[in-house]
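Protein chains: 2
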Amino acid sequence: MTTQPRDDFVAIVGAGDLLTAEAIGPDYGHDEALVGAPVTPAYVARPQTAEQVAALLAAATEHRIPVTARGSGTGLSGGARPCPDGLLISFERMNAVLEVDADNQVAVVQPGVTLADLDTATAAAGLVYTVFPGELSASVGGNVGTNAGGMRAVKYGVTRHNVLGLQAALPTGELIRTGGKVTKLSTGYDLTQLIIGSEGTLALATEVTVRLYPRLAHSATLLVPFADLPAVLQAVPAVVRSGADPDILEYVDNLTLAAISYTQNLSLGIPDGIRDTAQAYLVIGVENRDRDRLDGDVAMLGELLDSLGALDLYVLEGNSAHALIEARERAFWTAKAAGAHDVIDVVVPRTRMHEFFTRAQELAQAAGAGVVGCGHAGDGNVHLAVFCADDDVRHRLLHDIFAGAMTLGGAISGEHGLGRVKTQHFTELEDPVKLAVLRRIKDAFDPARILNPGVVLNERDNR
Amino acid sequence: MTTQPRDDFVAIVGAGDLLTAEAIGPDYGHDEALVGAPVTPAYVARPQTAEQVAALLAAATEHRIPVTARGSGTGLSGGARPCPDGLLISFERMNAVLEVDADNQVAVVQPGVTLADLDTATAAAGLVYTVFPGELSASVGGNVGTNAGGMRAVKYGVTRHNVLGLQAALPTGELIRTGGKVTKLSTGYDLTQLIIGSEGTLALATEVTVRLYPRLAHSATLLVPFADLPAVLQAVPAVVRSGADPDILEYVDNLTLAAISYTQNLSLGIPDGIRDTAQAYLVIGVENRDRDRLDGDVAMLGELLDSLGALDLYVLEGNSAHALIEARERAFWTAKAAGAHDVIDVVVPRTRMHEFFTRAQELAQAAGAGVVGCGHAGDGNVHLAVFCADDDVRHRLLHDIFAGAMTLGGAISGEHGLGRVKTQHFTELEDPVKLAVLRRIKDAFDPARILNPGVVLNERDNR
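These protein sequence lines map, in sequence, to chains A and B. Each step along the first sequence adds one to the number in UniProt numbering, with nothing skipped, and position 290 is 290. Each step along the second sequence adds one to the number in UniProt numbering, with nothing skipped, and position 218 is 218.
Chain A with its partners taken away, still in its complex shape (with noise of 0.2 Å):
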């Protein structure tokens, strides 16, 4: 090898756009994972075409230098977070929307492409991409990488039930398509699918096809309170069947309401009675092109509740709907800022999330660390902020609440990802039969284990 490999990616990018030492900017060495400290990268890279992303891995490769792949940096996980003597490769210089295709109901983006900035380009078409993790400067590439969820799930699913295509490149440096426009297809094993959520460690994703649906024009919020939690839970399953077909279905306690509410400086207008009863809320999306229909669907719903024991129900709209949403949205600020040391999100089966909930309180209280948390209640996917500031103990009260996450049929992460912060625990807590399968499956695509090593399997101590 007579190369270095500084020669070879500026070869592949210019020397504009690859950066090493002081020019690397802070930025780069982290994403919003709470966890663990930012770590400067040996070389960043800003590609701005498919082939350069291609060449950059081939070399990459050849020099066995380890490679994390970034968009916009709003992982919660530390998946964007990379090596010290690694490439970081930054999508940030392919951020355009190629194409929104009204008539085939898709757009084709760059990965680095915001979801702000699809949702802008699809508006224009009256036509929308329904995956809203919660950040809008999040990007499309990120979102395929941890397979991102949201609130809208429970409606319209996640990022793999919205990506029909990708064009992705190889770490031996090819580039390949995988699925297109289409939504139905059945010719082999379906590389889209295992691409996505694999955190940048089997292949990245240089295009993204995703599907577009109609962008209703009539919406409503409703905010729910209930005596406890269980009265919550229990009213989930009869508001998803009642075809009222909710975009939201959000679970909230009465703390993080509170919170959010006043770090957002938000009023929502709950007489003091009703406040001081209610434990938990439940906040309820729902959407039609028709304004009747909505405004019958909102009534059904309000009969519904009141018989599954809600306190009251406030039909919010406009603006206070609006900042709602987004103060819950933002509920991960909320934590970080009352000190939060961890945030996880965990998913268990709807139905179990209160026997969740209740382990999680029983293993923080005997490991006097604290949880605190908010849901989205359709899915079970439970978001708790998590109060312990000592490493170790902190490591192993995860360790056992995932370990009851799994014990009740869910999963460490439902759309977080692992990144380098939940890696050890998931191959901790995992069947070593299925790590095996995984780990061969790495090896299929990138023998030479350059991509985001440590990420999904581990390969350094991430502890």
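Among the clues, some could well be false.
SDA-like cross-link-like pairs, simulated, lysine to any residue; straight-line CA separation at most 20 Å [as the list claims (entries may be wrong)]:
hint : chain 1 : residue 1 : chain 2 : residue 2
1    : A       : Lys-155   : B       : Arg-289
2    : B       : Lys-155   : A       : Leu-98
3    : B       : Lys-155   : A       : Arg-289
4    : B       : Lys-434   : A       : Gly-173
5    : B       : Lys-155   : A       : Asp-443
6    : A       : Lys-155   : A       : Ser-219
7    : A       : Lys-434   : B       : Ser-242
8    : A       : Lys-155   : B       : Thr-61
9    : B       : Lys-434   : A       : Asp-443
10   : B       : Lys-434   : A       : Arg-289
11   : B       : Lys-155   : A       : Leu-216
12   : B       : Lys-155   : B       : Met-300
13   : B       : Lys-434   : A       : Glu-51
14   : B       : Lys-155   : A       : Asp-247
15   : B       : Lys-155   : A       : Thr-61
16   : A       : Lys-434   : B       : Met-300
17   : A       : Lys-434   : B       : Asp-443
18   : B       : Lys-434   : A       : Lys-434
19   : A       : Lys-155   : B       : Arg-241
20   : A       : Lys-155   : B       : Ala-50
21   : B       : Lys-155   : A       : Tyr-156
22   : A       : Lys-155   : B       : Asp-245
23   : A       : Lys-434   : B       : Gly-243
24   : B       : Lys-155   : A       : Gly-243
25   : A       : Lys-155   : B       : Glu-51
26   : A       : Lys-434   : B       : Asp-103
27   : A       : Lys-155   : B       : Asp-103
28   : A       : Lys-155   : B       : Arg-449
29   : B       : Lys-155   : A       : Arg-215
30   : B       : Lys-434   : A       : Val-128
31   : A       : Lys-155   : B       : Gly-157
32   : B       : Lys-155   : A       : Pro-230
33   : A       : Lys-434   : B       : Thr-61
34   : A       : Lys-434   : B       : Arg-449
35   : B       : Lys-434   : A       : Asp-247
36   : A       : Lys-434   : B       : Ala-448
37   : B       : Lys-434   : A       : Ser-219
38   : A       : Lys-434   : B       : Ala-50
It is worth saying that the hints were derived from the structure and are not from the lab.
Guided by the hints, dock chain B onto chain A, whose structure is given.
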């Protein structure tokens, strides 16, 4: 190796459920593919438990005996056609609905359960499994194998969008569990999705967790004549975007409609004047929990279709609607009865269907062959009956038709799978880089290459 394969298999399932030679009935030798002769396997095993399936695979791996899985044998691509020296694992004794979990809106079933039985079990809970590939005697396990689609996919997606979890037996003899009663998951590579559509070449599903939806009380079927195919296909995107959310959106040409009406003895009440003018029909299904809303949707679609050039509109209800849909679903049998030599199910972006039809007609004409078709217009999934007796001429014709579909951004199969009948076309036409990745994935699961050799990837000459 001291034991005989037969002894090992008998030790696992018992002598009564291990068939050889004359004890093997003719049904085990084929599925419903029109191409290729039946093949009697060396062994047929009828396991009753997942553990027996895993043990059979371990023994087959030890003895290097090819294994083919069989559900109901309703596939159209020869995916269940066994190898002459092979073991056929029939799931006929694993046909129980294990659980209908109404609150989580899932069912847990054994792979041999038929769609008809699952429909009965879910109906009792007011729910429905929405994947209807057109043959209710098909098994869920078979549907998992081919990623079956069908008419309702335009609203509800295909099998992969409706299967949340699996228990599966690996060819190396272990059982794994993937996914579960949750729709959100971000914990490494999605093995559920990888196994779905792999046609029994990676692992065999021994239990399937499927997603259910509320069963809606009211439905209507619209039969809409148009002057020609381009007029039909131009209307499709507008119908999809209307918000009426059709669960059926089928294209039927006048020849096919005449044939299915005649063979199914179906009277649709179309006046002679329209029948003589209309060359193409759109069939639209809509459903709603509320009768008034359904009527509103039908009225709205009526106006929309009128503005899009529909020659007339017939709202079918009850028996005639049911009869039309059933007749359309039986189009395959009509084609078979008419002497079709093969049936293909190409998929293209829905806006490219006319181009595809035109190209397929040109290619058929040049080859002295005939193609007649209908299709899932909402999905771009085209079913063509191919009339061409000569095997070599037909192979070249299909090669060219498939290549044409791929050029338009489509694929060889939308829902039938590759099986023994289409795999050679796939390996001839697919990107060699992708084929190499598929091969390595195959080896990650099945190092001895015992599972359905020659399907998805060429291992024997199956032309």
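We went through each hint and held it up to the structure:
The suggested pairing of A:Lys-155 with B:Arg-289 holds, with an alpha-carbon distance near 16 Å, which does not exceed 20 Å. Between B:Lys-155 and A:Leu-98, the direct Cα distance comes to roughly 26 Å. Violation of the 20 Å bound is thereby established for this hinted pair. Taking the CA atoms of B:Lys-155 and A:Arg-289, the gap is about 16 Å. The hint holds against a cut of 20 Å. Pair hint B:Lys-434 plus A:Gly-173 holds up; C-alpha atoms about 13 Å apart against a cutoff of 20 Å.
For the suggested pair B:Lys-155 and A:Asp-443, the alpha carbons sit about 37 Å apart, so the restraint of at most 20 Å is broken. Between the alpha carbons of A:Lys-155 and A:Ser-219 the distance comes to roughly 14 Å, so the proposed pair stays at or under 20 Å and holds. For the hint linking A:Lys-434 to B:Ser-242, the alpha-carbon distance of about 44 Å lies beyond 20 Å, and the restraint is violated. Restraint check for A:Lys-155 and B:Thr-61: the C-alpha separation of about 43 Å exceeds 20 Å, so the hint is violated.
As the CA atoms of B:Lys-434 and A:Asp-443 are separated by approximately 15 Å, the hinted pair is consistent with the 20 Å bound. About 42 Å separates the Cα atoms of B:Lys-434 and A:Arg-289, which puts this hinted pair outside 20 Å; it is violated. For a cut-off of 20 Å, the pair hint linking B:Lys-155 to A:Leu-216 stands: about 16 Å separates their Cα positions. Using a Cα cut-off of 20 Å, the hinted pair B:Lys-155 and B:Met-300 holds, with the two alpha carbons roughly 18 Å apart.
Taking the CA atoms of B:Lys-434 and A:Glu-51, the gap is about 17 Å. The hint holds against a cut of 20 Å. As the CA atoms of B:Lys-155 and A:Asp-247 are separated by approximately 16 Å, the hinted pair is consistent with the 20 Å bound. The straight-line distance between the Cα atoms of B:Lys-155 and A:Thr-61 is roughly 43 Å, outside the 20 Å bound, and the hint therefore fails. Taking the CA atoms of A:Lys-434 and B:Met-300, the gap is near 51 Å; set against the 20 Å cutoff, the hint is violated.
The suggested pairing of A:Lys-434 with B:Asp-443 holds, with an alpha-carbon distance near 15 Å, which does not exceed 20 Å. Restraint check for B:Lys-434 and A:Lys-434: not satisfied, since their Cα atoms lie roughly 24 Å apart, outside the 20 Å limit. About 17 Å separates the Cα atoms of A:Lys-155 and B:Arg-241, which keeps this hinted pair within 20 Å; it holds. Our distance criterion of 20 Å between C-alpha atoms is broken by A:Lys-155 and B:Ala-50, whose separation comes to about 33 Å.
Proposed proximity of B:Lys-155 and A:Tyr-156 is supported: the alpha carbons are some 11 Å apart, at most 20 Å. Distance check on the hinted pair: A:Lys-155 and B:Asp-245 sit about 14 Å apart at the alpha-carbon level, within 20 Å; holds. With a C-alpha separation of about 42 Å, the suggested pair A:Lys-434 and B:Gly-243 falls outside the 20 Å cut-off, and the hint is violated. About 15 Å separates the Cα atoms of B:Lys-155 and A:Gly-243, which keeps this hinted pair within 20 Å; it holds.
Proposed proximity of A:Lys-155 and B:Glu-51 is contradicted: the alpha carbons are some 36 Å apart, above 20 Å. Of the pairs offered as hints, the one joining A:Lys-434 and B:Asp-103 is violated, with about 29 Å between alpha carbons and a cut-off of 20 Å exceeded. Taking the CA atoms of A:Lys-155 and B:Asp-103, the gap is near 16 Å; set against the 20 Å cutoff, the hint holds. In summary, the hint linking A:Lys-155 to B:Arg-449 is not supported, as the alpha carbons are separated by about 40 Å, beyond the 20 Å threshold.
Note on B:Lys-155 and A:Arg-215: the hinted pairing holds, with a Cα-Cα distance of about 16 Å set against a maximum of 20 Å. Annotation: proposed proximity of B:Lys-434 to A:Val-128 is violated, straight-line Cα distance about 31 Å (limit 20 Å). Pair hint A:Lys-155 plus B:Gly-157 holds up; C-alpha atoms about 13 Å apart against a cutoff of 20 Å. Among the hinted pairs, B:Lys-155 with A:Pro-230 is inconsistent with the structure: their alpha-carbon atoms are about 33 Å apart, more than 20 Å.
Note on A:Lys-434 and B:Thr-61: the hinted pairing holds, with a Cα-Cα distance of about 19 Å set against a maximum of 20 Å. With a C-alpha separation of about 19 Å, the suggested pair A:Lys-434 and B:Arg-449 falls inside the 20 Å cut-off, and the hint holds. Taken as a hint, the B:Lys-434 and A:Asp-247 pair is broken in the structure, with Cα atoms around 37 Å apart against an allowance of 20 Å. Restraint check for A:Lys-434 and B:Ala-448: satisfied, since their Cα atoms lie roughly 18 Å apart, inside the 20 Å limit.
The suggested pairing of B:Lys-434 with A:Ser-219 is violated, with an alpha-carbon distance near 43 Å, which exceeds 20 Å. Using a Cα cut-off of 20 Å, the hinted pair A:Lys-434 and B:Ala-50 holds, with the two alpha carbons roughly 17 Å apart.
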